[in-house]
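> Sequence:
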Amino acid sequence: MKVFNKFLFVSLLGCTSLLTIQGCKENDLVFPTQIKGEDDGDSDQEVGPVKQNTFSVIIDDDEKVKFIMGEIDKERIQSIFFSHNGNGEKVVTELTDFASQYVIANLPTDQVSDVEVWAKGVNGLESKKFTYKVKPLVYPSRAVAQTLKVLGGFRSGAIDVANITRADATLFYKVDGAATFTSVALPAPTTDMEIVIENLARGSHTLTYYLTDVNGGQTSEMTKSFEVFEVFAINKSELNVNVSSVETQEGAANGKGSSMIDGSITTFWHSTWSSSSNPEYPHWFIVDLGKERLFTELDMIRRHNNTTGGFKTFNVDYSLDNVTWTRLATGETFNSADNPAAWQKFKFQPTNARYVRIYITAPFGSSTSTHLAEINVYEAKY
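Heads up: the sequence shown begins at 1 in UniProt numbering, then just goes up one per residue.
Derived from the structure by calculation, the hints contain no laboratory data.
Computed from a predicted structure; not experimentally measured.
Careful: at least some of the hints might be erroneous.
[As the list claims (entries may be wrong)] Below, computed lysine-lysine pairings styled on DSS-like, alpha-carbon distance capped at 27 Å:
#	residue 1	residue 2
1	K74	K236
2	K256	K347
3	K120	K74
4	K120	K174
5	K381	K345
6	K381	K236
7	K224	K149
8	K174	K129
9	K236	K174
10	K149	K236
11	K224	K345
12	K149	K291
13	K236	K347
14	K347	K291
[Claimed, not checked] Restraint-style ranges between C-beta atoms, simulated for each label pair:
#	residue 1	residue 2	range
15	G203	T180	18 to 28 Å
16	E94	K224	39 to 49 Å
17	P282	N335	50 to 60 Å
18	W343	N242	43 to 53 Å
19	F81	A178	50 to 60 Å
20	K224	R155	16 to 26 Å
21	Q111	T361	22 to 32 Å
A virtual CB, placed ideally from N, CA and C, is assigned to each residue, including glycine.
Using the sequences provided together with the hints, build the complete structure.
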């Protein structure tokens with residue numbers, strides 16, 4: 001028995017609570033030296049065995065409870081009885097082979113169960129009953145299955161799985177009725193693993209899976225459905241951009257919000273810098289998507305002829321009415337000094353939105369104004 005695969009649950013007979021002990025000394029089960037009659041009279045007549053015996057309870061990750069009886073004085077004790085509730089019926093077992101383990105299977109794994117134990121002496125008299133309170137541990141494969149999740153993504157799916165039990169497990173899975181299962185080892189412990197399934201078509205898919213473990217456990221086959229989406233660029237003719245401020249001294253094609261969706265990276269939006277009271281950070285721009293969509297990606301490229309006056313950090317908010325906003329991302333970073341200028345992509349979990357606000361929080365350099373050349377906006381479709 002390997003220590004890292006085991007829990008040792010030890011309860012004194014007559015306990016009122018379950019003790020969970022790992023790697024501790026085994027406790028003794030003591031039969032009383034004197035047991036009075038049922039009428040609790042004054043008689044000192046001995047009515048049960050008097051020998052002290054060592055009992056221990058071992059609970060592994062195998063949905064079983066094992067009793068080890070240790071040394072039994074066969075000259076005084078004829079048999080040991082175990083009683084528990086099994087599937088709604090009382091199950092009583094009499095043991096005369098004290099060298100073997102007594103194993104109880106099929107006890108509930110989600111609650112504590114009582115197991116009564118008593119002895120019968122060679123004189124035919126029985127001891128009082130004592131109670132172990134036990135709770136079996138599920139097979140690792142079942143425990144892992146309880147927390148497994150399946151998520152849909154862009155042309156892909158992902159299985160999120162962890163094995164925080166003490167025994168190695170294996171996941172077997174296939175997608176959409178494939179002919180064979182793919183196996184993935186889940187050594188203990190595996191705190192977090194993401195298994196990505198790529199090259200899936202847009203739409204609904206079904207994951208079929210089961211798990212096994214080195215303790216002999218195996219789940220039944222299970223299924224989970226997930227949705228895969230495709231990403232589409234939103235036609236810029238369907239977009240509109242509102243900005244926190246505009247600059248009128250940058251030429252007719254520049255300075256305004258619409259310059260970010262005109263299809264040209266040589267034009268740009270610029271916040272106000274030429275007035276007597278120029279606005280400072282934060283700056284913002286709001287993209288009207290034209291209708292409610294599953295917003296999932298924003299691409300941006302810096303002003304082509306300036307690497308010193310752009311912004312560095314921003315937050316992303318979304319709204320259905322342009323009044324109530326919800327934060328989608330915080331502290332995103334944009335490099336407005338990259339050289340040469342290149343598209344920078346920012347991807348998000350598909351989110352139902354009509355309006356997307358880029359709330360610009362800090363400059364890349366020391367300028368209090370900011371600018372941006374062009375944006376592309378994408379929506380997800382399942």
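> Hint by hint, note whether the structure agrees.
Consistency of the hints with the structure:
1. Among the hinted pairs, K74 with K236 is inconsistent with the structure: their alpha-carbon atoms are about 91 Å apart, more than 27 Å.
2. In summary, the hint linking K256 to K347 is supported, as the alpha carbons are separated by about 25 Å, within the 27 Å threshold.
3. Between K120 and K74 the alpha-carbon distance is near 11 Å, which keeps this suggested pair within the 27 Å criterion.
4. Among the hinted pairs, K120 with K174 is inconsistent with the structure: their alpha-carbon atoms are about 56 Å apart, more than 27 Å.
5. The suggested pairing of K381 with K345 holds, with an alpha-carbon distance near 18 Å, which does not exceed 27 Å.
6. With a C-alpha separation of about 17 Å, the suggested pairing of K381 with K236 holds against the 27 Å cut-off.
7. Under the criterion of a C-alpha separation no larger than 27 Å, the hint pairing K224 with K149 is consistent with the structure, at around 8 Å.
8. With a CA separation close to 52 Å, the supplied pair K174 and K129 exceeds the 27 Å bound.
9. Restraint check for K236 and K174: not satisfied, since their Cα atoms lie roughly 40 Å apart, outside the 27 Å limit.
10. Using a Cα cut-off of 27 Å, the hinted pair K149 and K236 is violated, with the two alpha carbons roughly 37 Å apart.
11. For the proposed pair K224 and K345, the alpha carbon gap of about 31 Å is over 27 Å, so the pair is violated.
12. Using a Cα cut-off of 27 Å, the hinted pair K149 and K291 is violated, with the two alpha carbons roughly 32 Å apart.
13. Distance hint between K236 and K347 is fulfilled; the C-alpha atoms sit about 18 Å from each other, no more than 27 Å.
14. Between the alpha carbons of K347 and K291 the distance comes to roughly 20 Å, so the proposed pair stays at or under 27 Å and holds.
15. A hinted range of 18 to 28 Å for the beta carbons of G203 and T180 is consistent with their spacing of about 23 Å.
16. For E94 and K224, the hinted distance range of 39 to 49 Å is satisfied, since their beta carbons lie about 47 Å from each other.
17. For the pair P282 and N335, the beta carbons lie near 19 Å from each other, so the given range of 50 to 60 Å is not met.
18. A C-beta distance of roughly 23 Å is found between W343 and N242, which places it outside the suggested range of 43 to 53 Å.
19. Between F81 and A178 the beta carbon distance is about 53 Å. The supplied range of 50 to 60 Å therefore holds.
20. Separation of K224 from R155 is about 18 Å and conforms to the stated range, judged on CB atoms against 16 to 26 Å.
21. Between Q111 and T361, the C-beta spacing of about 52 Å breaks the proposed range 22 to 32 Å.
Going down the numbered hints, you'll see the structure goes against 1, 4, 8, 9, 10, 11, 12, 17, 18 and 21, while the others check out.
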